[in-house]
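Residue-level listing of the chains:
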Amino acid sequence: MTAIGVEGVSKAFNGVTVVGDLSFEVHKGEIFGILGPNGAGKTTLLRMLIDILNPDSGKIIRNYTNDDTGYLPEERGLYKKMKVLEMLMYLASLKGADRRRALENAEKHLEMVGLSGYADKKIEELSKGMAQKVQVIAAMVHNPGLLILDEPFSGLDPVNTKLVKDMVMGMKEAGSTVILSTHMMNQAEELCDRLLMINKGKAVLYGSLDEIKSKFERSVVAEYEGEPGHIKGLERTVKRGAAFELVLENGADPNPVLAQLVSQVRVKKFEVAYPSLNDIFVRMVENEGA
Amino acid sequence: MKELEIAKREFLVNIRRKEFLFATFGLPVLMAGIMFASFFFTMQTADRDRTIGYVDMTGSFEFPDASIQADSRANVDSPAMPQKKVKFVEYMDNETARRDLLNRTIDGYVIIPQDYMNTGSIISYSLNSGLERPSMFVGNVLVENILRNTSPVIVERVKNPVVATDYRLDETGEIVTKGIGDYIGPFLMSLLLAFAIFTSSGFLLSGIVEEKENRIIEVLLSSVTPRQLLTGKIIGLGSLGLLQLAIWLSVAGGTGLALVVLIPLKTVAIGLLYFLLGYIFYASIMAGLGSLATTNREGQQVAGIFTLIAMVPIIVMMAILEAPESAFSVALSIIPFTSPMTVILRTTVYDVPWYELAASIIVLVLSIIATVLLMSRVFRMGLLMYGKRPTIFEIIKILRQV
Numbered sequence: 141m142t143a144i145g146v147e148g149v150s151k152a153f154n155g156v157t158v159v160g161d162l163s164f165e166v167h168k169g170e171i172f173g174i175l176g177p178n179g180a181g182k183t184t185l186l187r188m189l190i191d192i193l194n195p196d197s198g199k200i201i202r203n204y205t206n207d208d209t210g211y212l213p214e215e216r217g218l219y220k221k222m223k224v225l226e227m228l229m230y231l232a233s234l235k236g237a238d239r240r241r242a243l244e245n246a247e248k249h250l251e252m253v254g255l256s257g258y259a260d261k262k263i264e265e266l267s268k269g270m271a272q273k274v275q276v277i278a279a280m281v282h283n284p285g286l287l288i289l290d291e292p293f294s295g296l297d298p299v300n301t302k303l304v305k306d307m308v309m310g311m312k313e314a315g316s317t318v319i320l321s322t323h324m325m326n327q328a329e330e331l332c333d334r335l336l337m338i339n340k341g342k343a344v345l346y347g348s349l350d351e352i353k354s355k356f357e358r359s360v361v362a363e364y365e366g367e368p369g370h371i372k373g374l375e376r377t378v379k380r381g382a383a384f385e386l387v388l389e390n391g392a393d394p395n396p397v398l399a400q401l402v403s404q405v406r407v408k409k410f411e412v413a414y415p416s417l418n419d420i421f422v423r424m425v426e427n428e429g430a
Numbered sequence: 019m020k021e022l023e024i025a026k027r028e029f030l031v032n033i034r035r036k037e038f039l040f041a042t043f044g045l046p047v048l049m050a051g052i053m054f055a056s057f058f059f060t061m062q063t064a065d066r067d068r069t070i071g072y073v074d075m076t077g078s079f080e081f082p083d084a085s086i087q088a089d090s091r092a093n094v095d096s097p098a099m100p101q102k103k104v105k106f107v108e109y110m111d112n113e114t115a116r117r118d119l120l121n122r123t124i125d126g127y128v129i130i131p132q133d134y135m136n137t138g139s140i141i142s143y144s145l146n147s148g149l150e151r152p153s154m155f156v157g158n159v160l161v162e163n164i165l166r167n168t169s170p171v172i173v174e175r176v177k178n179p180v181v182a183t184d185y186r187l188d189e190t191g192e193i194v195t196k197g198i199g200d201y202i203g204p205f206l207m208s209l210l211l212a213f214a215i216f217t218s219s220g221f222l223l224s225g226i227v228e229e230k231e232n233r234i235i236e237v238l239l240s241s242v243t244p245r246q247l248l249t250g251k252i253i254g255l256g257s258l259g260l261l262q263l264a265i266w267l268s269v270a271g272g273t274g275l276a277l278v279v280l281i282p283l284k285t286v287a288i289g290l291l292y293f294l295l296g297y298i299f300y301a302s303i304m305a306g307l308g309s310l311a312t313t314n315r316e317g318q319q320v321a322g323i324f325t326l327i328a329m330v331p332i333i334v335m336m337a338i339l340e341a342p343e344s345a346f347s348v349a350l351s352i353i354p355f356t357s358p359m360t361v362i363l364r365t366t367v368y369d370v371p372w373y374e375l376a377a378s379i380i381v382l383v384l385s386i387i388a389t390v391l392l393m394s395r396v397f398r399m400g401l402l403m404y405g406k407r408p409t410i411f412e413i414i415k416i417l418r419q420v
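First to last, the sequence lines map onto chains A and B. Just so we're aligned, residue 141 is where the first sequence starts under this note's numbering, counting upward by one. Just so we're aligned, residue 19 is where the second sequence starts under this note's numbering, counting upward by one.
Read the hints as simulated data drawn from the structure, not as lab findings. The beta-carbon is built from N, C-alpha and C at its ideal position, and this holds for glycine as well. One thing to keep in mind: the hints can contain errors.
Using C-beta positions, here's what the derived DEER-type ranges look like [stated by the list, open to error]:
| no. | chain 1 | residue 1 | chain 2 | residue 2 | range |
| --- | --- | --- | --- | --- | --- |
| 1 | B | L30 | A | E265 | 13 to 23 angstroms |
| 2 | A | D238 | B | L39 | 28 to 38 angstroms |
| 3 | B | L261 | A | T142 | 28 to 38 angstroms |
| 4 | B | A349 | A | L243 | 23 to 33 angstroms |
| 5 | A | K305 | B | L260 | 42 to 52 angstroms |
| 6 | A | K305 | B | L30 | 46 to 56 angstroms |
When the alpha-carbon atoms are kept at most 27 angstroms apart in a straight line, the in silico BS3-like pairs for lysine-lysine are as follows [stated by the list, open to error]:
| no. | chain 1 | residue 1 | chain 2 | residue 2 |
| --- | --- | --- | --- | --- |
| 7 | A | K262 | B | K26 |
| 8 | B | K20 | A | K221 |
| 9 | A | K261 | A | K221 |
| 10 | A | K408 | A | K168 |
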């Protein structure tokens with residue numbers, strides 16, 4: 141089931157292409173990550189998904205109404221003079237939410253992030269981290285079917301990052317679709333079912349985490365006693381302290397390599413390592429930049 | 019109705035603002051205070067008796083010791099205007115009179131030259147720079163002297179030749195009576211109208227700039243369309259402006275001011291209509307331009323320009339009141355920027371023909387439709403441009419695109 145379909149979407153400002161010919165699909169009920177370095181076009185893309193900006197060309201198919209969508213913009217902002225609960229209820233009312241359910245939801249979420257004592261405080265009395273948590277709650281207070289979060293973890297300490305992550309997981313468990321943009325790869329790796337990585341407005345990677353990782357060569361770290369002879373599928377070995385990094389030929393399966401190795405030497409450790417998303421990200425951005 | 023939710027919030031938030039409370043309650047008190055103080059001080063200085071010296075070089079004038087004179091600044095014979103007692107002191111030469119003036123023994127003195135009968139000229143000296151001159155107090159005494167052997171009735175007529183009662187007839191031949199209060203009414207009404215329009219549309223402007231500045235605009239736009247946002251704000255703040263006008267009018271009514279300064283019901287009705295139209299017109303312009311501003315200061319500058327344009331009718335008020343049927347007055351009633359205030363001023367001294375009223379309202383309504391359409395597009399584009407102020411060329415480009 142498609143939540144959002146993007147077909148050949150482009151957007152330029154003052155003649156500079158910010159998003160160029162992007163196509164992808166977000167499935168219902170998944171957490172979809174949009175990754176990319178600063179200035180990659182993530183925010184512009186999200187603004188088009190939420191219908192604040194219109195694409196110059198291409199098509200966006202939304203299977204959620206605006207009222208059934210929650211949005212956390214990258215540039216955070218709330219009415220400073222308004223009280224926390226009042227603010228949440230006002231934003232819920234603009235989404236046409238049922239007052240009673242929104243109130244229950246707001247109170248539940250405030251409690252979850254340890255802010256239930258602040259419901260009657262003005263926004264200007266909150267710390268930056270607290271205000272950010274209120275803003276995240278504001279995006280989900282009306283229980284939306286689709287949640288779009290632009291850099292939800294930026295500026296949060298590890299404790300609050302975990303709280304927000306739990307809230308996002310909670311929304312997914314309740315059946316909502318979540319689209320989030322981030323440049324923090326470890327968060328994306330932990331949360332996202334599928335990913336789109338963009339650089340300079342263009343897609344550089346797209347698919348599930350496993351699909352993406354499998355496109356990159358795996359490396360094997362092994363410790364063994366003795367000198368192995370020729371091993372099929374092994375390109376070269378690099379000594380790393382007491383261990384060796386075995387660089388496999390492109391597309392080679394590590395299992396036969398292990399079998400051959402075991403027949404020749406005494407293997408103490410054999411570990412297949414996928415490149416981290418961070419490594420892939422850095423590699424892709426560097427390649428693009430080159 | 020999301021518009022109503024927005025309207026409700028705008029109304030409730032702004033009604034608690036210090037600026038609103040001051041404009042609504044403080045301003046009438048301040049204005050009444052200033053009016054009372056200036057009246058009080060005028061009465062005090064006007065009530066004081068004067069001592070005027072004179073040097074009669076002709077040697078032929080007889081001055082009474084004292085005379086009661088109406089304040090010479092008042093053209094109308096009004097019982098409210100104070101009468102003051104003037105004491106006359108004769109001096110033989112200029113030097114003695116001057117010394118007494120410098121000692122402040124006298125308030126001023128006049129010299130009647132030898133050739134007075136041929137030239138009519140007299141010279142007067144005083145220490146104050148105000149409107150009052152010693153020469154003002156001697157005219158009647160001179161007339162009485164010159165007509166010494168004439169009947170008192172003729173003397174009185176020469177002193178006061180025209181005691182006028184002026185009537186104006188309306189189109190049916192009925193007499194329309196106008197007193198000075200009838201001019202204060204429209205002046206106050208148009209001033210209040212301007213105030214109400216600019217309090218409300220000023221709040222609209224600063225609200226939009228604030229929403230842009232603290233970035234909440236993006237959250238709002240993910241829930242409502244720019245048009246819904248603009249409509250909600252205009253309804254909410256317009257209701258606030260109506261409330262403000264209602265408070266002012268009922269305060270005026272409650273204190274009895276409305277009885278002294280008669281504001282006719284027709285003027286009130288036309289005033290409310292023009293408040294609504296004028297407010298929507300200015301509010302939509304301010305919203306569009308406010309959405310292009312990046313800081314509150316910039317927004318205020320924009321507001322200032324429009325406030326000045328709208329104030330033109332009050333600046334040229336005398337020209338409008340003296341010739342309410344002139345082409346100039348008609349033009350100001352048709353131009354949408356000035357029509358609300360001009361029409362209020364004109365209706366009170368002149369029966370504005372229905373076709374002129376209709377033309378004025380039609381032009382204003384058409385202008386509102388055009389500005390709302392144009393400005394809501396500018397609003398939509400302007401809202402998400404922040405950080406950088408658009409250049410004049412970019413604004414023109416935006417206007418062309420819409």
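Status of the hints after comparison with the structure:
1. A beta carbon spacing of about 20 angstroms between L30/B and E265/A agrees with the range 13 to 23 angstroms that was offered as a hint.
2. Checked against the given bound of 28 to 38 angstroms, the beta carbons of D238/A and L39/B, roughly 35 angstroms apart, stay inside it.
3. L261/B and T142/A have their C-beta atoms about 50 angstroms apart, which leaves the hinted 28 to 38 angstroms range violated.
4. Taking 23 to 33 angstroms as the suggested C-beta distance range, the pair A349/B and L243/A does not conform, at roughly 56 angstroms.
5. Look at K305/A against L260/B: about 49 angstroms separates their beta carbons, and that is inside 42 to 52 angstroms.
6. Checked against the hint of 46 to 56 angstroms, the pair K305/A and L30/B fails, with Cβ atoms roughly 36 angstroms apart.
7. Proximity of K262/A to K26/B is assessed by CA-CA distance (about 19 angstroms); at most 27 angstroms being required, the pair is judged to hold.
8. For the hint pairing K20/B with K221/A, the CA-to-CA distance comes to about 21 angstroms; that is within 27 angstroms, so the pair holds.
9. For the hint pairing K261/A with K221/A, the CA-to-CA distance comes to about 9 angstroms; that is within 27 angstroms, so the pair holds.
10. Using a Cα cut-off of 27 angstroms, the hinted pair K408/A and K168/A is violated, with the two alpha carbons roughly 45 angstroms apart.
Taken one by one, the earlier hints fail for this structure at numbers 3, 4, 6 and 10, listed in ascending order.
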